[in-house]
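Trainee: Given chain W, work out where chain S with the ligands should sit, using these hints.
Sequences listed follow chains W and S, in order. Reading the first sequence from the start, the letters are residues 1 to 163 in this note's numbering. Reading the second sequence from the start, the letters are residues 1001 to 1290 in this note's numbering.
Don't read these hints as lab results, they were simulated from the structure. Certain hints may be false.
[As the list claims (entries may be wrong)] Think about it this way: if two alpha-carbon atoms lie no more than 30 angstroms apart in a straight line, the pair counts; the simulated DSS-like pairs of lysine-lysine are:
(1) Lys-1055(S) to Lys-15(W)
(2) Lys-1187(S) to Lys-71(W)
(3) Lys-1229(S) to Lys-1187(S)
(4) Lys-127(W) to Lys-1187(S)
(5) Lys-1002(S) to Lys-1042(S)
(6) Lys-1002(S) to Lys-15(W)
(7) Lys-1042(S) to Lys-15(W)
(8) Lys-15(W) to Lys-71(W)
(9) Lys-1187(S) to Lys-1042(S)
(10) Lys-1055(S) to Lys-1002(S)
(11) Lys-1042(S) to Lys-71(W)
(12) Lys-1002(S) to Lys-1229(S)
(13) Lys-71(W) to Lys-127(W)
(14) Lys-1042(S) to Lys-1055(S)
(15) Lys-71(W) to Lys-1229(S)
[What the hints assert, rightly or not] Here are some chain S residues pointing at chain W (derived, C-beta under 7 angstroms):
(16) Leu-1003
(17) Pro-1005
(18) Phe-1006
(19) Glu-1007
(20) Val-1008
(21) Leu-1038
(22) Val-1063
(23) Asn-1103
(24) Val-1104
(25) Arg-1105
(26) Val-1109
(27) Met-1186
(28) Val-1188
(29) Glu-1190
Where a beta carbon is used, it is the ideal one built from N, C-alpha and C, also for glycine.
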Amino acid sequence: MSTVITATINGRTFKGEVEDNELLIDFLRDDLGLNGTRQSCEVEVCGSCTVLVDGLPVSSCCYLACDLDGKVVETIEGLVGTAFHEVLGDAFVRHGAVQCGYCTPAMVLTAKSFLDDERLADEESLKRAMRGNLCRCTGYRAILDALMDVMGSERAAEAGSGR
Amino acid sequence: MKLPPFEVHRPSSLYDASRLLRDLGGDGVPINGGTELLLAMKLGLAQYDHLVDLKRVPELRGVRPISTSVSIGAGMTHRELEGSPVIAEAVGEMPRMLAEVANVRVRSVGTIGGNLCFADPHSDPATFLSAVEATLVLGDGSTSRRVPVDQFFLGAYETVLEHGELLVEVTVPAVPVGTGIAHMRMKVHERPAVTVAAKVTLERDTIVRARLVVGSVCGAPVLPQAIDKLIGASRGTWSERVREVAAASAAAVAPVADAEGSSRYKQALVEVFVRRALDAALANASGFTR
Ligand SMILES: Cc1cc2nc3c(=O)[nH]c(=O)nc-3n(C[C@H](O)[C@H](O)[C@H](O)COP(=O)(O)OP(=O)(O)OC[C@H]3O[C@@H](n4cnc5c(N)ncnc54)[C@H](O)[C@@H]3O)c2cc1C
Ligand code: FES
Ligand code: FES
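Extracted from the complex, chain W is given alone in its bound form:
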């Protein structure tokens, strides 16, 4: 069985048919060639497969592509060239927050979803917000430092909303 959906993916309109049982991760990677979204645990634990749907992070490994009808999707590819990408990318490089890079798209997208949340002023609340995104390389310190550097700063807020 299949369903016709219309969705905005990285700013472009997609209209077409998807199989009812197709997972969002396979739709993005196999049908659209958007390989920036990674897959690891496949059970909603590691966070590698994070994309934003209507601004909220979801695990694309357990989300149906047909549920995208009428929704706005952002993947890491959609951030390339935006001011947000530049600011956060800059901080990640400065703090050494990227090693193998497998977790990076998810870390960046999750952070983006929290950018406007003023409850994240301190490191403890940032840690809670980022919980459930696993990184096998950095030990998290560098990632938290990079995020603390830009989160809540006026620069990041401007870059986040004015992209």
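Mentor: Only chain S with the ligands this time, still in chain W's reference frame:
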């Protein structure tokens, strides 16, 4: 991992969703966020030819204050409820409890109804809602019945829901002045290894009502009888009694050993978390009496 083939149906009323499920019989299953169901299907633990999507059923949406309680649509996501001012006002501990569930991705998509109906033994809302004496409204669009949360679970992954019957809303009583609530939990992996929720009511510095729920260690939440030892205790004596209740509760539960720990380990957790939850609930209750 791929999903087996199935067809998704999208009814737009409670009545239609229930009728569809009844017509489909054992081949159909409701789905909301799918964070549990799709996982189970991926892992080959469940298989259905028809998924009845509840996301367009308006009866399952919304948060409404009704006199001294809050009515929460079963299709509301954890994330939506975490930020609800109506819930924060009536049951201050609830948003904090919800913010601890899973990770932000599961909370963005997963619903309160999906959590309860899946009846995974490791559940924060099941424990919390039993302690605060919430009631569930089950219905099919033409008839409905009300079931207290602590009577909803028959065991692990088993509830009193009939085929085609849906969880429509969760009614949570507002916490009155003089009553304190606390929810404590600990996780080893992703889901809680232990959850303990308590509700105590004070009158002139004496405990007049107390309710205790231990969750996530057995098939379904349990309500240890030992909590009755707290009734009548006053400020000077209650910390001693809390310790007794904690020890007796741990002795009374028979935890299921699983990936979160052995039965004995969980018993030890229960003792510690009962103590913490009761201490916190008493502190919260005292705060309101001043
Ligand atoms: C990685 C991970 C970590 C988690 N951690 C926690 C945790 O720390 N604490 C915790 O409490 N929970 C935890 N959970 C469980 C989480 O809360 C649930 O996955 C979520 O709330 C389920 O909601 P859903 O809408 O996605 O359910 P679905 O997957 O859509 O449905 C689940 C089940 O309920 C049935 N159903 C759904 N809605 C209704 C309804 N209205 N009426 C009748 N039947 C219905 C479906 O048929 C299905 O059988 C975790 C889950 C995951 C995947
Ligand atoms: S691959 Fe989806 S959360 Fe790990
Ligand atoms: S940088 Fe390698 S997993 Fe995070």
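Trainee: None of the hints should be skipped; say for each whether it holds.
Mentor: Here is how each hint holds up against the structure:
no. : hint                       : verdict
1   : Lys-1055(S) to Lys-15(W)   : holds (21 angstroms)
2   : Lys-1187(S) to Lys-71(W)   : violated (33 angstroms)
3   : Lys-1229(S) to Lys-1187(S) : holds (28 angstroms)
4   : Lys-127(W) to Lys-1187(S)  : holds (16 angstroms)
5   : Lys-1002(S) to Lys-1042(S) : holds (6 angstroms)
6   : Lys-1002(S) to Lys-15(W)   : holds (23 angstroms)
7   : Lys-1042(S) to Lys-15(W)   : holds (26 angstroms)
8   : Lys-15(W) to Lys-71(W)     : holds (12 angstroms)
9   : Lys-1187(S) to Lys-1042(S) : holds (24 angstroms)
10  : Lys-1055(S) to Lys-1002(S) : holds (23 angstroms)
11  : Lys-1042(S) to Lys-71(W)   : holds (24 angstroms)
12  : Lys-1002(S) to Lys-1229(S) : violated (53 angstroms)
13  : Lys-71(W) to Lys-127(W)    : holds (28 angstroms)
14  : Lys-1042(S) to Lys-1055(S) : holds (21 angstroms)
15  : Lys-71(W) to Lys-1229(S)   : violated (54 angstroms)
16  : Leu-1003                   : holds (4 angstroms)
17  : Pro-1005                   : holds (5 angstroms)
18  : Phe-1006                   : holds (5 angstroms)
19  : Glu-1007                   : holds (4 angstroms)
20  : Val-1008                   : holds (5 angstroms)
21  : Leu-1038                   : holds (5 angstroms)
22  : Val-1063                   : violated (18 angstroms)
23  : Asn-1103                   : holds (3 angstroms)
24  : Val-1104                   : holds (5 angstroms)
25  : Arg-1105                   : holds (5 angstroms)
26  : Val-1109                   : holds (5 angstroms)
27  : Met-1186                   : violated (14 angstroms)
28  : Val-1188                   : violated (13 angstroms)
29  : Glu-1190                   : holds (5 angstroms)
Hint compliance for this structure: hints 2, 12, 15, 22, 27, 28 are broken, all remaining hints hold.
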